[in-house]
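Construct all of the structure, not just a fragment, from the sequences and the given hints.
Keeping their order, the protein sequence lines are chains A and D.
Its first residue numbered 1, the first sequence is counted upward by one per residue in the numbering used here.
Its first residue numbered 110, the second sequence is counted upward by one per residue in the numbering used here.
Think of the hints as simulated: they come from the structure by calculation, not from any bench.
The beta carbon of each residue, even a glycine, is placed where N, CA and C say it ideally should be.
Any given hint might turn out to be false.
The calculated DSS-like cross-link candidates involving lysine-lysine, where the alpha carbons are at most 30 Å apart (straight line), are [said to hold, decoys possible]: (1) K79/A to K151/D; (2) K154/D to K188/D; (3) K207/D to K80/A; (4) K207/D to K111/D; (5) K111/D to K151/D; (6) K154/D to K207/D; (7) K207/D to K79/A; (8) K207/D to K151/D; (9) K151/D to K80/A; (10) K188/D to K151/D; (11) K154/D to K111/D.
Computed, partial: chain D to chain A, Cβ under 7 Å [said to hold, decoys possible]: (12) E152; (13) L155; (14) L156; (15) S206.
Here's the letter readout for the chains.
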Amino acid sequence: SQTIHQWPATLVQPVGSPLSLECTVEGTSNPNLYWYRQAAGRGLQLLFYSVGIGQISSEVPQNLSASRPQDRQFILSSKKLLLSDSGFYLCACVVHTQYFGPGTRLTVL
Amino acid sequence: RKEVEQDPGPFNVPEGATVAFNCTYSNSASQSFFWYRQDCRKEPKLLMSVYSSGNEDGRFTAQLNRASQYISLLIRDSKLSDSATYLCVVSHTGTASKLTFGTGTRLQVTL
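See the structure below:
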C-alpha cells in the first residue's frame, strides 16, 4: 500500500521568507499528486496537481509554486511568504481514491 | 454558492445515539461521492464511498439522492471515538482525481 511522507511537520516562518515543503510517496508508481491547503476553520483548497514529472497544473492564482522533479516527489515553494499563506498543507495521491500525507502546519508571522 | 455545503455543527450527542449528517452539492454533473473523516490537527482519511443504491459499513450508512443533489451519512450506536469532523466530498470526473471538499461537520460524542 502507498505511504505519503511530508516534512517538516510544523514550520514557523517570518513574512517575506522563502518556503519549501516536500512530499514523497512510496508503494505506487506514476501517481497523480496534489497539494491542498486548509486554512483555520475552512475547507480544503486544491492548490496544485500533477499527473507526471514536470507536469504541474495550478488551480488558483497565488503566491506559491509547485514542482515535480521525480515521479514520487512533489515540492511546494514560495519565494516570499505572506501572512495569508498560513495553514495546514496536505499532499495527496490517488490510488482508487485520494490518500493524504500527515501534513505540514505552517504559521507565517 | 459553495459547490459542497455542510452544516458545520457541532453536533453534540451521547454515546449510543444515532446521528445523521447531510450534504448538498451544486454541480449536477458530479459523479463520485465520498465521506472522509478528519481528526483534530490530522489529515483527512477516507471513511467510505457513497453509491447510488446506498451502502453500509458497520455502523455507518451512506445515501445518495441524485435528483435532490443530496448526500447523507448516518452513524448508529455512536462511540466516543467517532468524535471528529466529517467531510463530504464530490468528484466531477468519475474518478478520485479532482475532488471538491465540503468544510465539514463536527461531531462530538459524549459520555
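Here is what the structure says about each hint:
At most 30 Å may separate the alpha-carbon atoms for a hinted pair to count; K79/A and K151/D meet this at roughly 27 Å. Our distance criterion of 30 Å between C-alpha atoms is met by K154/D and K188/D, whose separation comes to about 18 Å. Using a Cα cut-off of 30 Å, the hinted pair K207/D and K80/A holds, with the two alpha carbons roughly 28 Å apart. About 16 Å separates the Cα atoms of K207/D and K111/D, which keeps this hinted pair within 30 Å; it holds.
With a C-alpha separation of about 24 Å, the suggested pair K111/D and K151/D falls inside the 30 Å cut-off, and the hint holds. The hinted pair formed by K154/D and K207/D meets the criterion: a straight-line CA distance of about 16 Å does not exceed 30 Å. Under the criterion of a C-alpha separation no larger than 30 Å, the hint pairing K207/D with K79/A is consistent with the structure, at around 27 Å. Our distance criterion of 30 Å between C-alpha atoms is met by K207/D and K151/D, whose separation comes to about 21 Å.
Among the hinted pairs, K151/D with K80/A is consistent with the structure: their alpha-carbon atoms are about 26 Å apart, no more than 30 Å. Our distance criterion of 30 Å between C-alpha atoms is met by K188/D and K151/D, whose separation comes to about 19 Å. Proposed proximity of K154/D and K111/D is supported: the alpha carbons are some 22 Å apart, at most 30 Å. A least Cβ separation of about 4 Å between E152/D and chain A falls short of the 7 Å threshold, and the interface hint therefore holds.
Given the 7 Å rule on beta carbons, the hint for L155/D holds: about 5 Å separates it from the nearest Cβ of chain A. Of the supplied interface hints, the one on L156/D is violated, with its beta-carbon coming no nearer than about 11 Å to a beta-carbon of chain A, more than 7 Å. The interface hint given for S206/D holds, since its Cβ lies 6 Å from the closest Cβ of chain A, which is under the 7 Å cut-off.
In the structure shown, a violation is registered for the earlier hint numbered 14 alone.
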